[in-house]
Amino acid sequence: MDSQARQAIREAAGPENFSQSASDRLLYSGDATNRSRPPAAVVRAVDTWQVSRVLAACSAHGVPLTPRGAGSGLTGGAVPSIGGVLLDLSGLDRIVRIDPADQVAVVEPGVVTAELAAAAARRGMFYPPDPASVNFCTVGGNVANNAGGLKAVKYGVTRDYVLGLTAVLASGQVFRTGRGTIKTVVGYDLTRLLVGSEGTLAVLTELTLRLLPLPEAKATVSALFSDLDHAARAVQDILASGVRPTALEFMDAASLAAVEAYAGLGVGGAAAMVLTEVDGPPEVVDRQGGLLAGILERAGAYRVDRAADAAQSEQLWRARRAMGPAILKVARGKLNEDIVVPLGSLAEMVARIGGVSRERGVQIPSFGHAGDGNLHVNVMFDPDDPTAEAAAHQAVSDVFAHCLALGGSLSGEHGVGLTKLGYVGAELDPAALRLMHGIKRLFDPAGILNPGKTLPALEDPA
Amino acid sequence: MSDAIREALAAAAACVGCGACMGVCPVYRAGRREDLVARGKLRVLAALGQGLSPDREALELLGRCLLCGRCQANCPNLVPAREGLLAGRRALAEAVGAPLVKRLLLTRALPRPERLDALARAGRLAVPALSGLHLRLAGDLEPPQPASRFFLDDAPRVVHGPKGAPRLGLFVGCVANYLRPSLARRAVELLSRRYTVVIPKAQGCCGLPAMAAGLAEPAQDLARRHAEIFGAARIDRLVTTCGSCAYALAKEAPALVPTPGARELAAKVVEISQVLAEAPELVRGLAAGGPPVALHHPCHLSVDLKVTAEPAAVLAAAGAELAPMEGADQCCGGGGLFMVAEPELSRGIMGPRLEAFRQSGAGVLATSCSGCRLQWSRGLTGGAPVVHPIELITPR
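Taken in order, these protein sequences are the chains called A and B.
Using my numbering, read the first sequence as starting at 116 and increasing by one per residue.
Using my numbering, read the second sequence as starting at 501 and increasing by one per residue.
Since the hints were derived computationally from the structure, they do not count as laboratory data.
Treat the hints with care, since some could be wrong.
Unchecked claim - Taking lysine-lysine and the DSS-like style, the derived pairs with C-alpha atoms no more than 30 Å apart in a straight line are:
#1 A:K444 x B:K663
#2 B:K768 x B:K663
#3 A:K444 x B:K751
#4 A:K266 x A:K444
#5 B:K806 x A:K333
All values derive from a computational prediction rather than experimental measurement.
Hey, can you work out the whole structure from these sequences and the hints?
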């Protein structure tokens, strides 16, 4: 960044919101991946018009800009990988309005997802998307990455709750998409295009989100299986039963062994665990909890537990929640992927992951959102052993190849960012990718917005 | 490489940067900046290990922590973030010879010498230099007046309970000793109904302010001294009226001085509400009356020592009227040195607590920590009294 650019961006941001100190550049250099690079400058967003001025200045001087919420992403999306300006949006954290009559919330992008959910709950309303990082990730980051979560099987993903956006183009042009209505079919759906665009098309500065009424009660049922195919059949049977669970989680033998070694919950030796939850009026969830327990038993579970209250429910969730730290005890290095396969291919995918694990000699505990066909595949390695690390990367390539062969997708909820960039070319139709590049040029002609991410380069740039 | 540097860098290396600490850190939630949270501080510690110069900004950044311990209590990967930060402060104190405590005294106290003068005029420079009180009072707009006689000046060495009663050591702590001797006297009065209370005169500060400032040596001296004098006193348990003292004595002292004596003493530490909750008949019906009481749970007591039910149980047994307060277990933003060094953030954290107190309808705030007590006293400007729960219990 030359001194003219520096001067212009500093002035646009307001000097008090602009920093080039060594500490700030370091602090905003990374996200929840192990990738990092210090930006040339950190700008703290204060409102839409300031963001607009900063983007205009960046465009005028050809300085790249990386937007960042909480920096809790898992693909390097918020890493300023080619330097430039890091725009910290976490301070834009105002909940503008929660409207139970319209069933919408209007919020700034830096609001923490759990705080939005809590504010909605105080008005008897429900914001369902709950990625694992719900207590610290921001809604803006969720929208930019189209985050999923545990409840997606019933309630869908972040995209399903975004009704409208205020966004800023690379040029500094501020625009709105969508309305605060549940439906609209007027014009191209730019709102849905921006959801999941990973900060490469525009910077989001205000979000209009859909809310639902808060469910009254929930019931939790968990089951252990000695046969993976039986667990897969239980998942299939639940999805076909007419009972729509709010969560339908799966843990494989390797992850259960890790949890057992870590927390000793009596789940070791099982081939799979299925954990499911329903919500609704108490008399309905009571009946549905019974139905789910019956399905799990008939599918061949050797142990089924049904929670009678919130404390017991939390007990059943313990194995699932202990997963993160438990697998880090397997090895310190982890490549964390989140493939998604067609619902009918879940058991086949888990079996193939087992095969890759044996062939490459790496441990791959897998667990995830079975109800969505979404698996968190954790390829473990010793970071001090270069051979092990290379084998881990090979294993990821193998898993991705199997996933695509089964008709799956390389990411269900984390996004592409930097870490998956080298792989997604294999999934995307070349003509579709060409269109995506055209869209990118239209939104961001100078290519300053979060460059080098999300879209792989065209093999034949015509 | 010193032990402190090794410990700090090990914590930094164990952090995978997931960000879970952001969801629980009171300082981050008040300021929403990466430098305020454990993840950011560990990143800076790692960079210091790799040669980043420990400039003023880096030092200040490492100071912006309440030491409440929520980051490590909630870390999915069990990273000892607070212990790493404390080790980092010790390492910096070794490396640059400008420990935080000195810097704080220089930048905060010296421009306003009248704060220390107030102590001097009162003839109270006898307060040991290592008492955290110096720092706290230096940052206060209106320093509380030290008592005219300190508790330990006049306290008996032993107050005998019934024949054959178990022996409790009383750890007085600086606030009770210098500012509020009546609190220590109340503790003795209540405890001696059932226990023999031993009060060694040579006891001092719990060492937490020194630990927090990266001053390992004086903190170690204090830990050794306490292990020795309370070891000689042949006590069954060591009772404090302050959650922060309890945490320092139970958790940090044995880590700094890993001797059998220090560990043995650490295992005996309890806050007075734990003792009284075991024997509710000691306080039954002794509540002083007055307006409803809101109870605030100090971080060091609730997060570190998992003591939350006991103070409420004691007040309930005494017959006090408790007013439920939202976020009673959330940090008040005191944090010892923090409220002095970062007054703005400290007030930002306190804001929602004051609002919750107003909403509760209580007329009194009770808390079992001397740091929280000072913070609440500064915050509750409307005149609602701030007390230790046992000050609401009047032995008859």
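A:K444 and B:K751: Cα distance at most 30 Å? holds, 25 Å
Can the restraint linking B:K806 and A:K333 be considered satisfied, given a maximum Cα separation of 30 Å? With Cα atoms ~29 Å apart, B:K806 and A:K333 stay inside 30 Å; holds.
Given pair status - B:K663, A:K444, alpha carbons within 30 Å: Measuring from Cα to Cα gives roughly 53 Å; hence the hint is violated.
Given pair status - A:K444, A:K266, alpha carbons within 30 Å: Distance of about 27 Å is within 30 Å: holds.
Holds or violated: B:K768 to B:K663, with C-alpha atoms at most 30 Å apart: Between B:K768 and B:K663 the Cα gap is close to 22 Å, so the pair holds against 30 Å.
Hint check: a violation occurs at hint 1 only; the rest are consistent with the structure.
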